[in-house]
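Visitor: Sequence:
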Amino acid sequence: MSRLIDCKGLACPGPVLAAKRAIDEEKPETLTILVDNAAARENVARFLKSQGYSAESVETDGIFQVTGKKDGCEVCTVFVPEPAHESKIMILASSDRIGRGDDELGQKLMISYIKTLKEMGPTLWRLVFVNAGVKLTVGGSPVLKDLQALAGTGLTILVCGTCLNHFNLLDQKQVGETTNMLDIVTSMELADKVISV
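Residues 54 to 250 in the numbering used here are what the sequence shown spells out, letter by letter.
Do not rely on the hints blindly, as some may be mistaken.
Under the rule of at most 25 Å between Cα atoms (straight-line distance), these lysine to any residue pairs were calculated in the SDA-like manner [unchecked claim]:
| hint | residue 1 | residue 2 |
| --- | --- | --- |
| 1 | 80 | 115 |
| 2 | 226 | 118 |
| 3 | 188 | 157 |
| 4 | 73 | 63 |
| 5 | 122 | 140 |
| 6 | 171 | 218 |
| 7 | 141 | 244 |
| 8 | 188 | 249 |
| 9 | 102 | 82 |
| 10 | 123 | 164 |
| 11 | 80 | 147 |
| 12 | 141 | 123 |
| 13 | 61 | 168 |
| 14 | 122 | 108 |
| 15 | 73 | 240 |
| 16 | 122 | 155 |
| 17 | 161 | 140 |
| 18 | 226 | 63 |
| 19 | 246 | 218 |
| 20 | 246 | 221 |
| 21 | 171 | 120 |
| 22 | 226 | 240 |
| 23 | 61 | 157 |
| 24 | 73 | 201 |
| 25 | 123 | 147 |
Derived by calculation from the structure, the hints in this document are not laboratory data.
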């Protein structure tokens, strides 16, 4: 069974939610989603892969056709008890500065904050950038090397695709996965603690 869903014009996370509904309700062998921006293409492809589908995309005149084909076996869930772990802390950065008042001081504080995150060790589980915070993940950012070093340790860094699109920065992102609001909300739910800066 094959399914085509037209998600052009849908805001994040609409295309991913449409794909999820189709998979949950119909479990198609092949699922094709039409989207009109690169962030949605990346989000849908990542979601399809997480559901046991291969994902390929083709662009024609600014429209992305993301096709997922079911891999050979069903996605199965096996319960494996997790070993005792330290707290999973998620940091949500919604600005490229900390605080209000003096913007120059706020930028210095954010730079210092990002550079200090490595001191959290393994309790730092996920770093999520939304709104103007996405500006920290692009080329020329004063903390780009620090973020790349954190990513190199295995830290998951998520960057809001809608926000990158808003600031016309999608093609300038240099670190982290382009993501959607569903992934961000899920991360908040899974975290033991969320710190907003």
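Visitor: Hey, residue 226 versus residue 240, does the alpha-carbon distance stay inside 25 Å?
Guide: Roughly 21 Å between the alpha carbons, so the hint for residue 226 and residue 240 holds.
Visitor: Going straight from one Cα to the other, do residue 188 and residue 249 come out at no more than 25 Å?
Guide: 16 Å, holds
Visitor: Is the straight-line distance between the alpha-carbon of residue 123 and that of residue 147 25 Å or less?
Guide: Given pair residue 123, residue 147 is violated - Cα atoms ~36 Å apart, limit 25 Å.
Visitor: Run the distance test for residue 73 versus residue 63: straight-line Cα separation, threshold 25 Å.
Guide: Holds - the C-alpha atoms of residue 63 and residue 73 are around 14 Å apart, at most 25 Å.
Visitor: Compare the distance between the alpha carbons of residue 188 and residue 157 with 25 Å, and conclude whether the hinted pair is satisfied.
Guide: 15 Å, holds
Visitor: Next pair to validate is residue 161 with residue 140; report whether the Cα-Cα distance is within 25 Å.
Guide: 28 Å, violated
Visitor: Hey, residue 123 versus residue 164, does the alpha-carbon distance stay inside 25 Å?
Guide: 44 Å, violated
Visitor: Given the proposed pairing of residue 171 with residue 120, does the C-alpha separation stay at or below 25 Å?
Guide: Violated: residue 171 and residue 120 sit about 38 Å apart, past 25 Å.
Visitor: Quick one, are residue 122 and residue 140 close enough, alpha carbons at most 25 Å?
Guide: 37 Å, violated
Visitor: Assess, step by step, whether the Cα of residue 61 is no farther than 25 Å from the Cα of residue 157, and give holds or violated.
Guide: Violated, at about 40 Å.
Visitor: Quickly compare the C-alpha distance for residue 141 and residue 244 to 25 Å and report which way the hint goes.
Guide: At roughly 5 Å apart (the allowed maximum being 25 Å), residue 244 and residue 141 satisfy the hint.
Visitor: So if I understand the rule, the pair passes when the alpha-carbon distance is 25 Å or less; does residue 246 with residue 218 pass?
Guide: Given that 25 Å is the threshold and the Cα spacing comes to 28 Å, the pair is violated.
Of the hints listed earlier, those the structure fails to meet are numbers 1, 5, 6, 10, 11, 12, 13, 16, 17, 19, 20, 21, 23, 24, 25, in rising order.
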